[in-house]
Every structure is written in C-alpha cells, then in structure tokens.
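Asker: Using the sequences and the hints, build the whole thing.
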Amino acid sequence: GEDVEQSLFLSVREGDSSVINCTYTDSSSTYLYWYKQEPGAGLQLLTYIFSNMDMKQDQRLTVLLNKKDKHLSLRIADTQTGDSAIYFCAESGYGTASKLTFGTGTRLQVTL
Amino acid sequence: DARVTQTPRHKVTEMGQEVTMRCQPILGHNTVFWYRQTMMQGLELLAYFRNRAPLDDSGMPKDRFSAEMPDATLATLKIQPSEPRDSAVYFCASGLMTGNSNQPQHFGDGTRLSIL
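Chains as they are written, first to last, in the working numbering: chain S, 4 to 115; chain W, -6 to 109.
Mixed in with the good hints, there may be bad ones.
Over 12 Å on every C-beta distance to chain S, these chain W residues come out as not near it, computed from the model [said to hold, decoys possible]:
#1 P1
#2 M8
#3 T13
#4 R15
#5 D56
#6 R57
#7 E61
#8 M62
#9 D64
#10 L67
#11 K71
#12 Q73
#13 R78
Sample of chain S residues at the chain W side, in silico, Cβ under 8 Å [what the hints assert, rightly or not]:
#14 Y36
#15 A44
#16 G45
#17 L46
#18 L48
#19 Y51
#20 F91
#21 S101
#22 K102
#23 L103
#24 F105
#25 T107
#26 G108
Since the hints were made in silico from the structure, they are not lab data. For every residue, glycine included, the Cβ atom is placed at its ideal position computed from N, Cα and C.
Answerer: Structure (structure tokens):
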C-alpha cells in the first residue's frame, strides 16, 4: 500500500527558513499536499502540487517535488512563531478529491 | 469563507453508548470523507462518499461503525456500541471532483471523542 514518511520534529529560529521533508512510495500519486495543524484544531490546507510540476511558490511557501526520488519538501521563508504547528504531507491519486494518505506529521517549533 | 462544519466538537460518554457525529460539507462539494486521528495510528481514512454513494469504507470497523449521507448537506458517522479504543479525533473533509473540476479536501475542526 501507499506509505508517506516524514521526520517527527524540526526546530528553527524565528526569521530563519524551515524545510520540512517528505518521501512517498506510491508512483501513481497525482497530487501531493501540505496541511498544517495547530493544537486543538483541524487540518488547514496550505498548498498542493500536481505531480507533473517541479515547484510551486505561494508567498512564503515553496514546494519542491522530485518525482524520480519521490521526495517532497516544504520551505517556509522568514519563519514566524505563528508557524509553530504540525505539518502533514499527504498524497492522492485520481484528482484532488480522492482519498488522502497522510504522513506522520512534522512538529515545527519556532524559537525566539 | 466556506467551511466544513462538524458537531459536536467534543463528546464524552461511557462505553456501550451510541455516538453520532455529524458533518455539513461545503456547499457544492460532492465528496465527503471521514478520517480518524490518534497518537498511535496518526490520520487514517475510515470511509468516503461521492454524490452520496459510499465509495470506500474499508478503513471502518463494520461491526460497530456506520457512515451515511441522508442528503447532500449532511453526513453522519455512528458508533454503536462505543468502546474506549474508539477515543480519537474524528475529522470530516469535503472536496469536489467532476469531469471538469477538482477542488482539494478541506477539513472540519473535528469531533474530539472520549469513551470512558
């Protein structure tokens, strides 16, 4: 079955860039996503990328996709304390409204 | 902003009781998902519907869980009888998939369920 892997924890200083990495196994994945979850809250869709793209930028967020290595990364520029949360990588096939397989989540801690 | 609405936000009940969780998907979305989040298993898909028809419920324990969509504006997830191991956060998400349009899933705030 599909498998999505992430490192569990990342700590960065305020103002630095954060890079959160994800690897996946399903070569038929068509869309890859990043969701953010703050304590006690639901999952907020940050951005997503179609598998035929290499990069997508949206304000402070940059997504890089290496389809050959099945590696996805999320870069947050100028990280702020409000970025502290758990970030989930997810993949789906057959369109953006098909079922998601999630990674374990990476807890981002932003220090002053 | 359009949102997925889940009720109740919190539920505490004793084992053996019936639990019903409700979800109102974003208006116009035709695909509804139920996920469960636990510390041990992370986020896992329980079931999902498209155009109110169940597409996949293989992640759901069949003996005690049931999911339905009585109409396009309401999805329900029931547990009967509930057990302590059902304690988790249950998320509903909705999205749109048609021949010409795809919209990614947006999540509700979840129902935090505790079974004593």
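Asker: Interface hint check: S/G45, Cβ to nearest Cβ on chain W, cutoff 8 Å. Holds or violated?
Answerer: 4 Å, holds
Asker: Under 8 Å is the threshold here; is the Cβ of S/L48 close enough to any Cβ of chain W for the hint to stand?
Answerer: Hint on S/L48: holds, closest Cβ of chain W at ~6 Å, below 8 Å.
Asker: Should the interface hint for S/T107 be scored as holding, given a Cβ-Cβ cut-off of 8 Å against chain W?
Answerer: With Cβ-Cβ at 5 Å, under 8 Å, it holds.
Asker: Close enough to count: is the Cβ of S/F91 nearer than 8 Å to one in chain W?
Answerer: 7 Å, holds
Asker: Should the label of W/Q73 as a non-interface residue stand, given a Cβ cut-off of 12 Å to chain S?
Answerer: For W/Q73, whose nearest Cβ neighbour in chain S is about 25 Å away, the distance exceeds 12 Å, so it holds.
Asker: Could you let me know if the closest chain S CB is still more than 12 Å away from the CB of W/L67?
Answerer: 18 Å, holds
Asker: At 12 Å, judged by beta carbons, does W/R57 keep clear of chain S as stated?
Answerer: 22 Å, holds
Asker: Would the non-interface assignment of W/R78 survive a Cβ cutoff of 12 Å against chain S?
Answerer: W/R78 clear of chain S: closest Cβ-Cβ about 20 Å, beyond 12 Å.
Asker: Since W/M8 was said not to touch the interface, does its Cβ keep a gap of more than 12 Å from each Cβ of chain S?
Answerer: 24 Å, holds
Asker: With chain W as the partner, please determine if S/G108 meets the hint condition of a C-beta pair closer than 8 Å.
Answerer: Holds, because the Cβ-Cβ distance from S/G108 to chain W comes to roughly 7 Å (cut-off 8 Å).
Asker: Mind checking the CB of S/Y36 against every CB in chain W and telling me if the closest is under 8 Å?
Answerer: Holds, because the Cβ-Cβ distance from S/Y36 to chain W comes to roughly 7 Å (cut-off 8 Å).
Asker: Given S/K102 as an interface hint, is its Cβ closer than 8 Å to any Cβ of chain W?
Answerer: 5 Å, holds
When each numbered hint is compared with the structure, no violation occurs for any of them.
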